[in-house]
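The chain contents come next:
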Amino acid sequence: MSSISPSQTTVSPREIFTKPRVSDRIFRGVLNVMSFSSLAILTLIGSFLMLRGFQTFQSEGLHFITGFDWNSTVNDGVETSTFGLGSMLIGTLLISGTALVIGVPLSVLTALYLNFYAPMQIRKFMITILDLMAAFPSILYGLWGYFILMPMAEYWAKLLNKYLGWIPAFSVPQPAFTRSPFVAGLVLAIMIIPIITSVSREVFSQTPLDRIQAAYALGATKWKMIKTVVLPFGSGGVVGGAMLGLGRAMGETVAVYMVLNIAFSANLKVLYGVGGNVASMIVSRWGESTLLESKALLAAGFVLFMMTLVVNFLANFIVKRAIKSGK
Amino acid sequence: MTTYAPTKPWQPTKVDISKNVLGLLIALLVSFVVVQLTPMKGKLAYAGVLFISATAIQVGMKWISRGRMAAIDGLASSIAFTGSVIVFLPVVNILYTTISKGVKGLHWTLFTDTMEKSSYLDPIGMGGILHAIVGTMYMIIMASVISVPLSILTALYLTEIKGKAAGFIQFLVQAMSGVPSVVAGIFIYAALLLNTSFRGSGITGALPLAILMIPTVTRTAQEVLLLIPNDLREAGQALGATQWKTVITIVVPAARSGLVTAVILGVARIAGETAPLLFTIGGSDKVNWNPFNGPQSALPYYVWKGLISGTPEAVQRAWTAILVLLMIVLFFFSIARYFSRQRMK
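Chains as they are written, first to last, in our numbering: chain A, 1 to 327; chain B, 1 to 345.
Rather than coming from a laboratory, the hints here were simulated on the basis of the structure. Treat the hints with caution; some may be incorrect.
Per the computed footprint, the stretches of chain A lying under chain B, defined by three or more beta-carbons under 8 Å from a beta-carbon of chain B, are [claimed, not checked]:
| id | region |
| --- | --- |
| 1 | 32-43 |
| 2 | 60-67 |
| 3 | 103-115 |
| 4 | 130-143 |
Derived DSS-like pairs: lysine-lysine, alpha-carbon spacing no greater than 27 Å straight-line [stated by the list, open to error]:
| id | chain 1 | residue 1 | chain 2 | residue 2 |
| --- | --- | --- | --- | --- |
| 5 | A | LYS224 | B | LYS8 |
| 6 | A | LYS124 | A | LYS224 |
| 7 | B | LYS14 | A | LYS222 |
One-sided and incomplete, this derived list gives chain A residues near chain B with beta-carbon spacing under 8 Å [stated by the list, open to error]:
| id | residue |
| --- | --- |
| 8 | ARG28 |
| 9 | ILE127 |
| 10 | LEU160 |
| 11 | LYS162 |
| 12 | TRP166 |
| 13 | THR221 |
| 14 | TRP223 |
| 15 | ALA279 |
| 16 | VAL283 |
| 17 | SER284 |
| 18 | TRP286 |
| 19 | ASN312 |
| 20 | LEU314 |
Glycine included, C-beta positions come from ideal geometry on N, C-alpha and C.
One chain only, chain B, in its complex shape:
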């Protein structure tokens, strides 16, 4: 008795795959020949001709084997594929450029020195970004301290109480996520710094960031809380707990990792914000440990200063600082991913 392996007619056979590879090779060859023979030059020409010839070969093969409808279908799928490749390319390029340009400015004293005794125009080996890193850490901590309680409580209102105003609040939170960062910055300036004796400091820098952080944290926290099964809440009530006890001892602990994710996503959102800081942070060249007095610095602000100076050394400093900033953002981003993976399991 012979057993037959199950057939999978939807999977591409070896013949199909080899046909596709052959088509792609022919397209590569065509694009090479066309660029060599015609006056078109450059990467754009290669990419354009490659896309057109690869698509034409694909569509042609489908037309011959399966007719016009299949050919149109193939055309659509290859256009959709090309679209996502075009979206993908800038990300790769940005990561590559940042790393390759930023690495050149890394040196040991970068993380232990400040710009107190050196200027942006000095050689790369002098000065450091300690003050900016300290400033960014202060910004993140203070903005979180202000915005996290507000956000989580708003999210609890939206999911646990579901009061009459829930729809309205939801709408407002969504509208708030659209507030431009520069508007948050000039709002704090207009409210606290214009016509007053206050000067830009750590706390005034953190306030606009808190405004920008609230909607992100609220919306993520809300999604997480909605995933907590209602059975848990009902079980709490059935055991005689008040709503307050249910929320604080059952719902919030159950959603803990998700809430952490929400906070971290919020931090990743604000760590790189530049525009509001230009109005509210003051700008310092040395480490300022006091968040409530004296000008403060931050990594995005440091990058901005470097760009404005415009000399090769200053721009190199900017690339290096943005590499450090990107690493911080990526760090938070990966932690958030890790926690949300944990949650799904």
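Same shape as in the complex, but just chain A:
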């Protein structure tokens, strides 16, 4: 080591700059590009289904949404077809609606119980159970729904029909209760309960503590507190959670396929064993479809994709706003 002469000790100050290093620029570049993978995938899904189903959209026009008949027959090599998705759309709304009517009250009650009534151990245990419910494969729900739930549900449906048959929705043209939208709705309700419960729980837990304590200080019972503070505050979140559940219910395939008698007729009677669901219809028609029909099925997939996308966008928007308002 050579000795440093005094004249050399004054070192020029290190250059300070805010420009990112090369490594950082590469790092940020990669992340920027990768983060758009979700956009790319969503766009690809939309455009490929649109592209492959374009022929159907072109030949059917608006009838594809509003029509109720779905036929394709080959006579001497000439294929004649009409593709109308109307009955399936109605069926999808009917069974998802049934699922919401059953699932939302149960989810809200469970969320309230877990957040405000349950002891610590029961709460932890139930949250694990709910997470487990969300992790069950959908084909398991289908299997269980078909073999275990359906016999019971048929009995419940008969009871409903016997005592409440005067309500139009509960009447049936013929006593056929098997594989009805009611059964499908029940299975879907069980499948969407975890998601609605977890969103509701999250929103309920955001309720400002000062408002809760103010309610108690004014002498409210627990139920009065929930009714006047928690429910008005959390209602937005419950709506959002219900819509997330709706999105899930609309796209459910295998479980619904097992427990629903899929037929192309518009049926609004919940207990009657005829129904429809876009997702399950795609699976059920797929095996025997001609090229023309498989294109129509891809078009149906596009419609389903757009529907779930819109519902999910709205749901996330509502949930986000509900959670933000608590902070």
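Got chain A; can you put chain B on it based on the hints?
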């Protein structure tokens, strides 16, 4: 001098507990008597009458001791309790049914044999699900290899860079989690298999699963990364590390167990997916070790085939296969739980 034990007025006294137990016993008795005496029959009747009488007794006791408001409060709490019991029952029933029905089809060669030489209609002792288990493992590995880098990098973008597009990306990821599994399946079919010379194979089966896995992994990874204290990042910067060095040597190692949890949750999410496989996997009866060529099988696909066949043997095979599938899912689920517990400590 006497010391007094601290009183805990909010805790139920022994008298309260015994009152509750007595009320429940009376309700049980009432429901038994009512079902015996009236034409109502079955479990539904028992449950309904039990709920109504138990609630009535609870509410009645509260009304007498503490008045109308307390009675309404008691009614609300017992309805909320009943709601969560109703949610709880199907889970127990599903687990019980799967295990009790699935166990009947277990035999030694199940895990060493395939369906190459036997059909679904053969007696239960013949054939096995080795090909399906191998297929499912391939699906899980390939889907993870594709989706994990994308997901973690997206999560890093959302938490570390917080760029201008972060809100938008967040929204897209959430929208992606709502993509129906069947749509992911027919998308891969429309993009890769329709009008092309490709046929369904392991990789085409794994692609839709990767699409379904991305949002789950991204969102969990993001939550985990947000929990890493900012002090750590600032410490890294203060020591002169670039952002890249900070992330790779400090943030990611600190979040390691959480990121593992995210991946495992994603795997649990896709292991049981059936609908996309029906379009993209091809369906094989023998073990296919090549993920890029030839039809592949998977456990959910095997279950589906069994259900479609519909004979008692085929359905028994389906129950057994779903038991194995459920065990796999539960295995991943418990590992994820274990890791997230570790993290909280």
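Structure-based check of each hint:
1. Given as covered by chain B, the region 32-43 of chain A passes the check, having 9 residues with a CB less than 8 Å from a CB of that chain where 3 are the minimum.
2. Counting residues of the region 60-67 of chain A whose CB lies closer than 8 Å to any CB of chain B gives 0, which falls below the minimum of 3, so the coverage claim is violated.
3. Residues of the region 103-115 of chain A with a Cβ under 8 Å from some Cβ of chain B number 9, which satisfies the need for three, so the listed coverage holds.
4. Taking a C-beta to C-beta cut-off of 8 Å, the region 130-143 of chain A contributes 13 residues in contact with chain B, enough for the three needed, and the coverage statement holds.
5. Note on LYS224 of chain A and LYS8 of chain B: the hinted pairing holds, with a Cα-Cα distance of about 24 Å set against a maximum of 27 Å.
6. A C-alpha spacing of about 25 Å is found between LYS124 of chain A and LYS224 of chain A, which places the hinted pair at or below 27 Å, so the restraint holds.
7. For the proposed pair LYS14 of chain B and LYS222 of chain A, the alpha carbon gap of about 22 Å is at most 27 Å, so the pair holds.
8. With a least beta-carbon distance of about 6 Å to chain B, the hint placing ARG28 of chain A at the interface is held under the 8 Å criterion.
9. For ILE127 of chain A, the interface hint is violated, the least distance from its beta-carbon to any beta-carbon of chain B being 11 Å, above 8 Å.
10. A hinted interface residue such as LEU160 of chain A counts as satisfied when its beta carbon comes closer than 8 Å to some beta carbon of chain B; here the least separation is about 12 Å, so the hint is violated.
11. Checking LYS162 of chain A against chain B: minimum C-beta separation of about 12 Å lies over 8 Å; hint violated.
12. Interface restraint check: TRP166 of chain A against chain B, minimum CB-CB distance 21 Å, threshold 8 Å, status violated.
13. At its closest, the beta carbon of THR221 of chain A sits 4 Å from a beta carbon of chain B; the interface hint therefore holds under the 8 Å criterion.
14. Because the beta carbon of TRP223 of chain A sits about 4 Å from the nearest beta carbon in chain B, less than 8 Å, this interface hint is met.
15. The closest approach between the C-beta of ALA279 of chain A and any C-beta of chain B is roughly 5 Å, which is under the 8 Å cut-off, so the hint is satisfied.
16. Given the 8 Å rule on beta carbons, the hint for VAL283 of chain A holds: about 6 Å separates it from the nearest Cβ of chain B.
17. For SER284 of chain A, the interface hint is violated, the least distance from its beta-carbon to any beta-carbon of chain B being 10 Å, above 8 Å.
18. Restraint check, TRP286 of chain A versus chain B: the minimum CB separation of about 7 Å is within 8 Å; hint holds.
19. A cut of 8 Å between beta carbons decides the hint on ASN312 of chain A: the least distance to chain B is about 3 Å, and the hint holds.
20. Among the interface hints, the one on LEU314 of chain A is violated; its C-beta lies about 10 Å from the nearest C-beta in chain B, farther than the 8 Å criterion.
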